[in-house]
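> Which chain is which? The protein sequence lines are W, V and P, in order.
Residue numbers for the first sequence follow the UniProt record's numbering, beginning at 1 and rising by one.
Residue numbers for the second sequence follow the UniProt record's numbering, beginning at 1 and rising by one.
Residue numbers for the third sequence follow the UniProt record's numbering, beginning at 1 and rising by one.
These aren't lab readings, by the way, just hints derived from the structure by calculation.
Note that the coordinates shown come from a computational prediction; the quantities given were computed from them, not determined experimentally.
Just so you know, even glycine gets a beta-carbon here, dropped at the ideal spot from N, CA and C.
Each hint can be trusted.
Distance ranges between label pairs, derived from CB positions:
| # | chain 1 | residue 1 | chain 2 | residue 2 | range |
| --- | --- | --- | --- | --- | --- |
| 1 | P | Asp145 | W | Ser124 | 50 to 60 Å |
| 2 | P | Met74 | W | His94 | 17 to 27 Å |
| 3 | W | Arg99 | P | Glu156 | 36 to 46 Å |
| 4 | V | Pro173 | P | Gln205 | 29 to 39 Å |
| 5 | P | Phe133 | W | Leu248 | 20 to 30 Å |
Listed below are the simulated SDA-like cross-link pairs for lysine to any residue, each with C-alpha atoms no more than 20 Å apart in a straight line:
| # | chain 1 | residue 1 | chain 2 | residue 2 |
| --- | --- | --- | --- | --- |
| 6 | V | Lys177 | V | Glu167 |
| 7 | P | Lys198 | P | Glu163 |
| 8 | V | Lys127 | P | Pro41 |
| 9 | V | Lys10 | V | Gly188 |
| 10 | P | Lys71 | V | Ser82 |
| 11 | W | Lys258 | P | Ser117 |
| 12 | P | Lys71 | W | Asp113 |
| 13 | P | Lys119 | W | Asp141 |
| 14 | V | Lys177 | V | Arg162 |
| 15 | P | Lys71 | W | Ile109 |
| 16 | V | Lys127 | P | Gln205 |
| 17 | W | Lys98 | P | Thr94 |
| 18 | W | Lys98 | P | Glu79 |
| 19 | W | Lys17 | W | Ser182 |
| 20 | P | Lys71 | W | Val92 |
| 21 | V | Lys127 | P | Ser37 |
| 22 | W | Lys98 | P | Glu80 |
| 23 | P | Lys71 | W | Gln112 |
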Amino acid sequence: MADRYSFSLTTFSPSGKLVQIEYALNAVNNGVTALGIKATNGIVLATEKKSSSPLIEPHSSSKVALITPNIGMVYSGMGPDYRVLVDRARKVSHTGYKRVYNEYPPTRILVQDVAQVMQAATQSGGVRPYGVSLLIAGWDDGILPEEELEVEVEGEKKKISGKTGGILKGGPSLYQVDPSGSYFPWKATAIGKSATSAKTFLEKRYTEGLELEDAIHIALLTLKETIEGEMNGDTVEIGIVGPPEDGLLGYEGVEGAKGPRFRVLSPQEVEDYLTSL
Amino acid sequence: MEVLLGITGKDYVIIASSKAAMRGPTVLKATDNKTRNLNKNSVMAYSGESGDTVQFAELIQANVQLYSMRNGVALSPPAVSSFVRSELAKSIRSKRPYNVNLLLGGVDPKTGEPSLHWLDYLGTEAKIPYAAHGYAQYYCLSLLDKHHHPDIDLARGLTILRMCSDELKRRLPIDSKGLYVKIVSKEGIKEHVFEDEGQVLPA
Amino acid sequence: MGSPFSMNGGACVAMVGKDCVGIACDLRLGMQALTVSNNFPKIFGINDSVYLGLTGLATDVATVSDLFRFKVNMYRLREERNISPDTFANLVSTSLYERRFGPYFVSPVVAGINQTSGKPFICGFDSIGCIDFAKDFIVSGTASDQLFGMCEGLYEPDLGPDELFETLSQALLSAVDRDALSGWGAHVYIIEKDKVTKRLLKGRQD
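Bound-form chain W, shown alone (with noise of 0.2 Å):
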């Protein structure tokens, strides 16, 4: 009986806009600011963690979270629904990719199963979308864009480059995923109450050919111009991609074992970062 008169909530207006989607979109544009910028050897994951209360503590609650050893994500917009679709990422990359390839899935796939379940919301019945926006920032294995391979194939030879998304891409990536389950990559992007001039300040501030070290400089820069309260390792939280972390990996001796590549700052990392803006 119930799912007889469960259709979706999302319904076209006369104009042929889902308003649904444009009120979950203004959720997004209320939350507090994320960005996201790529370097050439990783990325960095940067928001304010806003707590109403002084009273509250702080480290009950964190906005960074790791997906996959190698891609984490960053939210703006509802917390409470962000939480579930950090658990649905989390599953979907095991029972969808890893369980059946003994391998964790590479960002862009991540980023297309998380956006399928977003745009799963607006056309299910007896659902709202989701009132996020989603930064996903992954590392891939394979050929890294500014390397080149040389193959010989039936005689001529043939160069494949990770640049243009051939078959063997890897290195860094950057996604931004919207309630309507679209989703772009980006070099640096925000999202959020002051997403607009964080990207003016981005544009700006971004280069080809930054560092890590860099791009977090810069997302701390960023963060700064439009942060109300103040900034210290309790109202920052940064997560980042960069080289294989093996100290995380609990064991050692393993053979070809490789530890995560993303990792959240600690609130003193944060800190250190914060003294030598």
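Take the given structure of chain W and dock chains V and P to it, following the hints.
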């Protein structure tokens, strides 16, 4: 003791099936036709458990014709064969599988290329130049190994078929009541009257 | 009837060489002792550098090869890249295990070169997907006992492509001659990083 035979030639395929409908050692009918025309350019001959055979053949026939109605083109013999194989492969893992063995002969509607497909009830498929099902395999394949060439003309093909038919009469303990013979060529499917030339005795 | 694995007959073998791998199969299709076809290849190209060999029940050889053609085409469309041999091996394993309590009666062999690392890769499976990673060679089919013997005797590490072809072919041809259910010619693939050579061996036609 059901007999199915198939022989390809230069530009044709001969499909032959025994006329006897049997139940155990009893011959129930001497004019049984174990072939179905699937479309203008392919014929299927079937043997196996009675009931299953006609049921399955008509399922295939109807679906091949439905495909042509929907898409306005005839399926080529290899395409039909692939479809039949997938149906049998599905069936073998079902609660009650079809117990049907098939020969599928035809010519490509565009190129005129003849082809003959051997399929068994498990969904095993092979494209081969000459084929048989049942006991006929043991008596006829060796004959065909010796006499068949890919480019034989129709007269030669029918001569070899006669050799097969004679060998079966000579060796099988039960008379299979003669053969129904169909010839598929670019012109379409023709029924061929295969005269019963009387008793053939072993030496 | 016997085991479904030995109703149709057939043999397949893969070997690792220096910067190359080889995989070979016979061409017979039979029903018990009767030969139905002498042109029934059991090796299927997955992409330019990955090959899949399937022995066992012929209907399942066809079904499983079709299944992986579908799965690999979907992978290529989704990921815009070719599947690597190690990833494909895991796909084979999980796909077979999905049918744990009603398996396909096949013994698959995977051979290929990983285009990212340049490393040769071979492995074999049982019918429910347990992977047998091997450094040297993998055998499967009704002539597997004979193939084990031949490979054990002829194999040496780090063979070049031409020597690998010789070793692989001799191992297969000699093995199938001692198996009544295999033979009737062979297909041999030698896979190098940027080249694949397919050879057809006539073999004994009896």
